[in-house]
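Protein chains: 2
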Amino acid sequence: MPAEIGILAAVEPMRVLLFDVFGTLVDWRSSLIELAEATTVGAGVQADWAAIVDDWRRAYQPAMDLVRQGATWRDLDSLQRETLSGVLTRRGIWLPAADAESLVRGWRQLRPWPDSRDGLDRLRRKYVTATLSNGHLALLADLLKFADLRVDAVLSAQLAAGYKPDAKVYLTALRLLDCPPENAGMVAAHASDLHAAAAVGIRPIFVRRRLEWGPGTPPADPPALDGLIETDGLDHLAEALGC
Amino acid sequence: MPAEIGILAAVEPMRVLLFDVFGTLVDWRSSLIELAEATTVGAGVQADWAAIVDDWRRAYQPAMDLVRQGATWRDLDSLQRETLSGVLTRRGIWLPAADAESLVRGWRQLRPWPDSRDGLDRLRRKYVTATLSNGHLALLADLLKFADLRVDAVLSAQLAAGYKPDAKVYLTALRLLDCPPENAGMVAAHASDLHAAAAVGIRPIFVRRRLEWGPGTPPADPPALDGLIETDGLDHLAEALGC
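Those sequence lines, one after another, are chains A and B.
What the first sequence shows, in our numbering, is residues 1 to 243, in sequence order.
What the second sequence shows, in our numbering, is residues 1 to 243, in sequence order.
Extracted from the complex, chain A is given alone in its bound form (with noise of 0.2 Å):
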């Protein structure tokens, strides 16, 4: 057990536990270019879907940067179909409606972390459990039904029409879920989601997913924050908190 667990629960006790998904609890990546693969089959197209698999997920980011710059909230079902659009378009790729459109519902048919399940329902048994993710409610319900993860509470930053790492979405969940942020922790495996929650005073968990990037490329490093929890995965993190 890292020596940071020991300390920060001597100097205040956690409550609740926020979690990011994508990436965090499944693994968008390898979903998403099997889906890829076995919808795109029958229309014959022939691509790299693990480039273009990569390629949406950094065009992520940029999609949700208008939002957070005033532009009105739309969900992420709305951006991920724009930005899919513009990376085929890009590639000179040309896919039938209804396999783009099956790529983006494919964002809520993604597989867990092997951790993930039996690490949620270890850490329910102490902690408040929620997820606090960048993905609509419609979204969440349906990805935690397909990937049977079960939390105490599915919070996502459509509650604060904002995406993180805006701080209001993290506050949103706090509010609602009557707790300070002393006795909040959020995990996730990206270190600006990190650096946003403990901002405003949540407990920073890091969790190393060392293929969210697939096995050629090294994992995100845990961000430089004080009092970080690091671990290699919930069951990692529920042994650590005793649970």
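The set of hints was computed from the structure by calculation and includes no laboratory data.
Do not take every clue at face value.
To be verified - With a straight-line cut-off of 20 Å between C-alpha atoms, the simulated EDC-like cross-links for lysine to aspartate or glutamate are: (1) K126(B) to D148(A); (2) K145(A) to E230(B); (3) K145(B) to D118(A).
Fit chain B to the given chain A structure using the hints.
Leaving out everything else, chain B in the frame of chain A:
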């Protein structure tokens, strides 16, 4: 299986089921009476807790009316704290503050009806299930964990900054689940909830809870609504809907 179910399912398939919580999924009355007796035995308070709990529950609607009429939204803990104080004062009972607070928190420790857990699990296989309660999210997250009830999304009137039966509560839930009213059902033991849901186009599903107000009091009558589905429990409903 009532004839209506087959007819309705043929007209417009349901995708989402919304569930009232207090009275419909959990037995607030016997749980709170038991909790009150156990909580107050230490302070040596003698009282007719069944009558007090019934009075407290009846004070719930007038308290919410103030919010419905435009007062600033407050959560159920805040309303119930105030109504409990009024009920106790009218009966000349004084409780230590910590005991009164235990009763307010008691709404997070209500036993499910015997069919609720299994019925919800069965209904989840075919439908997206969500609570739609006047309890706030923090309360619902604790209560569903206590009662071990699993739904796909935990929704509350809080997300509309209102209280049922305000139409905006139902419309906000439908918007969040991206579901047109004709593809949703509202499951409740109370006519007012079902009237309001039906008024915005949601299919009304009545669950008869014979013991909601105790063994001596007859249960609420089903509302006279077109296309009403009537059931005696969630297991019955699951069976009728082929889950």
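Exercise. Quick check: which numbered hints come out false for this structure?
Worked result: When the structure is compared with the hints, only number 2 turns out to be violated.
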